[in-house]
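Below, each chain spelled out in residue letters.
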Amino acid sequence: MLLTLAAMFARLSLLAVGGVNSTVPEIARQVVTIRHWATPQQFAQMFAIAQAAPGPNMMIVTVIGGREAGIAGGVVATLAMMLPAGTLVIVVSKLWDRYRENRWRRIIQAALLPITAGLVLAAAAVLVTQADTSALTVAITAISALALWRTKIHPLWLLTAGSIAGLVLG
Amino acid sequence: MQPPATPEKLSHAALFTGFFQAGIIGFGGVLPVARRIMVEQKHWLTAAQFTDLFALCQFLPGANIVNFSFAFGARHRGVSGAAAAVAGLLAAPVAIVLGLGALYQRYGNLPLARHGLTGLAAAATGLVLATALKIATPTFTHVKNIGISALALALVLLAHLSLPVTMAIVLPVSLFVAWRG
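Each protein sequence line maps, in turn, to chains Z and V.
Just so we're aligned: 119 in numbering that gives the first Met the number 0 is position 120 of the first sequence, and the numbers increase by one with no gaps anywhere.
Just so we're aligned: 172 in numbering that gives the first Met the number 0 is position 173 of the second sequence, and the numbers increase by one with no gaps anywhere.
Hints were generated in silico from the structure; no laboratory data involved.
It is possible that part of the hints are untrue.
[To be verified] Over the 12 Å line for every Cβ pair with chain Z, so calculated as not near, a few chain V residues: (1) 12; (2) 35; (3) 38; (4) 45; (5) 58; (6) 68; (7) 133; (8) 148; (9) 167; (10) 179.
[Unchecked claim] So the derived list for chain Z, only partly shown, Cβ under 7 Å to chain V, looks like this: (11) 68; (12) 116; (13) 152.
[Claimed, not checked] Quick list of in silico lysine-lysine cross-link-like pairs, DSSO-like style, CA-CA up to 27 Å: (14) V/41 to V/8; (15) Z/151 to V/8; (16) V/133 to V/143; (17) V/133 to Z/93; (18) Z/93 to V/41.
A virtual CB, placed ideally from N, CA and C, is assigned to each residue, including glycine.
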């Protein structure tokens, strides 16, 4: 299992363009559709728990690894997700001064931006199908999205409000 | 007048502690916290240096602040420095998340927990949707980007292709379009 987790996430590390959200559709596909480790609703809940905890936006892999193989699974999943990309960062940062203004660097960056946009939209779509199964959840999602998009309300407040709404109105 | 950024190499312990502080209080985004700690409190970098290093981290795949920890740690103490910084950043989050995950496994099916989790999941979904919109809106001012995004979206959602295959298709197309300008 540890090897499975390591392979699964190491494979995605370098594809997390613009952040780990881009890999969420693929992680969901692996976890829910292919391996049946969780139902769609459970995936959305695990994703939410990872969001609620402190730390960077990659803790979903820790949650999945922990669910499948305890602490060792969580640690292995986290390491697998970040080591390939981290190694690339160390290598490139040494060359950054030389290539910051390079034409190809700008081209690559311009090319990655719409891909990121498409993938994160896909991530949102996947989560919506998993989490928004009632009028209440649709409303919570819509209001949270609007609030984060248009106001400066801290995400943690929105997550808290959503939980309370679920408790009280669900 | 800001004091100059710390020029000498930070110790492993300092790297670990500094990033630990950022990691443990960074709810809903570690970046602003990290910036405050490193630029304003510890003067490890000037604001400009932070922004510049962060631009590199945004450009490369992976979580931005994780990449930042690798890069910043490596600058001071090489690979072991990167390890110290990343370990500091993730120590508390990993422990907390594993704890929450264990609670979820145990109690997640209780009716009250289920209702709260459903609401939480819906809210988290909303946050990702907002993130997607924040990325998409400025990107879509360039019409050619809409096509690339739509292609990526379609390959993932409609064709159910894996991410590696999707990237193998979309990236060359996008590079070509970006190259042609």
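Q: Please confirm whether residue 45 of chain V is truly not at the interface, meaning its C-beta sits more than 12 Å away from all C-beta atoms of chain Z.
A: The assertion about residue 45 of chain V holds, with a minimum of 16 Å to chain Z.
Q. Just checking, residue 38 of chain V versus chain Z, shortest CB gap more than 12 Å?
A. Holds: least Cβ distance 18 Å, greater than 12 Å.
Q: Grab the minimum beta-carbon distance between residue 148 of chain V and chain Z and tell me whether it stays above 12 Å.
A: For residue 148 of chain V, whose nearest Cβ neighbour in chain Z is about 4 Å away, the distance does not exceed 12 Å, so it is violated.
Q. Can the restraint linking residue 133 of chain V and residue 143 of chain V be considered satisfied, given a maximum Cα separation of 27 Å?
A. Holds, because 18 Å separates the two Cα atoms, which is no more than 27 Å.
Q: Compare the distance between the alpha carbons of residue 133 of chain V and residue 93 of chain Z with 27 Å, and conclude whether the hinted pair is satisfied.
A: Violated - the C-alpha atoms of residue 93 of chain Z and residue 133 of chain V are around 31 Å apart, more than 27 Å.
Q.
Hint residue 116 of chain Z vs chain V: min CB-CB distance below 7 Å?
A. 4 Å, holds
Q: Would you check the hint for residue 41 of chain V and residue 8 of chain V, treating anything up to 27 Å between C-alpha atoms as holding?
A: 13 Å, holds
(Q) Does residue 8 of chain V sit within 27 Å of residue 151 of chain Z, going by the straight-line distance between their CA atoms? (A) 36 Å, violated
(Q) Please verify whether residue 93 of chain Z and residue 41 of chain V have alpha carbons no more than 27 Å apart. (A) 24 Å, holds
Q.
Checking hints one by one. Is residue 152 of chain Z an interface residue toward chain V, by the C-beta closer than 7 Å rule?
A. Constraint on residue 152 of chain Z not satisfied, violated at 10 Å.
Q: Would you assess whether residue 68 of chain V, listed as outside the interface, keeps its beta-carbon beyond 12 Å of every beta-carbon in chain Z?
A: Per Cβ check, residue 68 of chain V is inside 12 Å of chain Z; nearest 8 Å; violated.
Q | Consistency of the no-contact label for residue 167 of chain V, given chain Z and a CB cut of 12 Å | A | 10 Å, violated
Comparing the model with each numbered hint stated earlier shows that hints 5, 6, 7, 8, 9, 10, 11, 13, 15, 17 do not hold.
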